[in-house]
Structure formats: structure tokens, C-alpha cells
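Each number in this note's numbering corresponds to the 1-based position in the sequence shown with 241 added.
These are calculated hints, taken from the structure and not from any lab test. A portion of the hints provided could be inaccurate.
[Stated by the list, open to error] Capping the alpha-carbon separation at 25 Å, the derived lysine to any residue pairs in SDA-like fashion look like this: (1) K412 - R382; (2) K412 - G361; (3) K412 - D353.
Treat the numbers as computed from the prediction; the structure is a model and nothing was measured.
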Amino acid sequence: MPSLRIHIIRHGETNWNHEKRWQGQLDPPLNERGIQQAQLLARYLQTCPITAIYTSDLQRAYVTAETIGSALDLRPQTDPRIREMHLGVLQGLTIGEIQARYPHELASLRDDWLDHRIEGGENRRMVQSRAYALFEEIAAREPGPEVVLVAHGGVVRVLLHRLFPGSAAAKQTPIENTSLTTVVRANGDWELERLAETPHLTPHTPPHGAIEAQ
242 MPSLRIHIIR HGETNWNHEK RWQGQLDPPL NERGIQQAQL LARYLQTCPI TAIYTSDLQR
302 AYVTAETIGS ALDLRPQTDP RIREMHLGVL QGLTIGEIQA RYPHELASLR DDWLDHRIEG
362 GENRRMVQSR AYALFEEIAA REPGPEVVLV AHGGVVRVLL HRLFPGSAAA KQTPIENTSL
422 TTVVRANGDW ELERLAETPH LTPHTPPHGA IEAQ
């Protein structure tokens, strides 16, 4: 099986990220900072032999992917299977509002990490199922050598959990805006080459550290 490198990227910043407001499948745009992050990432990736870009159809991911595509002369392919997790009643609320109104949801999301289904929304296993289905399709059909997948913090986490089930990285590592997580297929197995790194942002726009899995 030929070698393939997949760069899994979280979208640029939105005002809701900065406000620690959970987005889910609501669709706020990138803010000025998020656009700058995407531009810096595009410049960073410009010398990589990337042959395809896949993206969530939510605009914060699509505009990030489009910015990268402009630098690489590639048109992003949208796929709703890598949308963020639907957060049901939590969508549009700040973390403070969620703690006050739905503390049981936060506790269940922590304690039953994969299978707790938010009222009116999804659980992480559902997100993992749809996102990994696309990941497998990409791995089967793309000759590479490198492919970009632009998605969301929650999607990055469930893919890491599926690819590396024994690793704590999926739950514990901060996934910053426009961070790069790179996996490489060598001899049929996937290896983690880079985990949520932001080399393109230093010293230009250090990440805010906003809560990401929204």
C-alpha cells in the first residue's frame, strides 16, 4: 500500500471561539484573526506536495480550506460528514451559560466521552462514524502523496480516537484554531507524525487557547 500523509486541520478562529461560545453545526464566519491564521497556514503549506483538499461544508472550515486551496491552486471538496458534532441544546451558548443551565450535560460528556448523546444533538460515536467513513474513502482513493482535511476540533478528536484508540491525545490535547495534526500511512498502518501543532502562528498570531470542541 503506497505511503499517504493526511493533514487534519481545525478551522480558523471565529468570534464565537473567542467568546468560548459553542458552535456545533451553527455557522458563524471566520473573524479577522481567523482569516489571518488561514493565510499563514496556506503560506506554510505552499511547499508541500498536496494533491487534494477536503473540507466540512460549514463556512468556518470551508473558507479556511479555500484559503489554503488558493495558495496551492486546488479546489476544496466539501463533505458534510466532517461537520462538527451537533451540540443540540448547547449550540450557541457560552461555556458559562452551559455550566449554569446544563451542568449534567457537561458531566456526561466527560464521563461517557464517546456515547453520551446531547439533548437534541449527537454523541461522539456518531460523529466518529461519519467522519471516519470519509477518512477511509480518502485513504482508499487518493494517491497522495499528501492530502488536507479541514474540519473541526471535535472531528479531529474522534478521528484520533479511532486511529489511535490507546492514546490519551484525543481527549487531552488542546486543538487550537488552524492547528495541524498529521497522520502518515506507512506499510498499511497509520502513524501520528504531528499533533495539533501551530508552527505557522509563531510569532505572528499566537493562539488564544479558546475551547475547541464546538
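Right, here's what the structure says about each hint:
Only pairs whose Cα atoms come within 25 Å are accepted, and K412 paired with R382 is rejected, the gap being roughly 29 Å. Distance check on the hinted pair: K412 and G361 sit about 23 Å apart at the alpha-carbon level, within 25 Å; holds. Pair hint K412 plus D353 holds up; C-alpha atoms about 12 Å apart against a cutoff of 25 Å.
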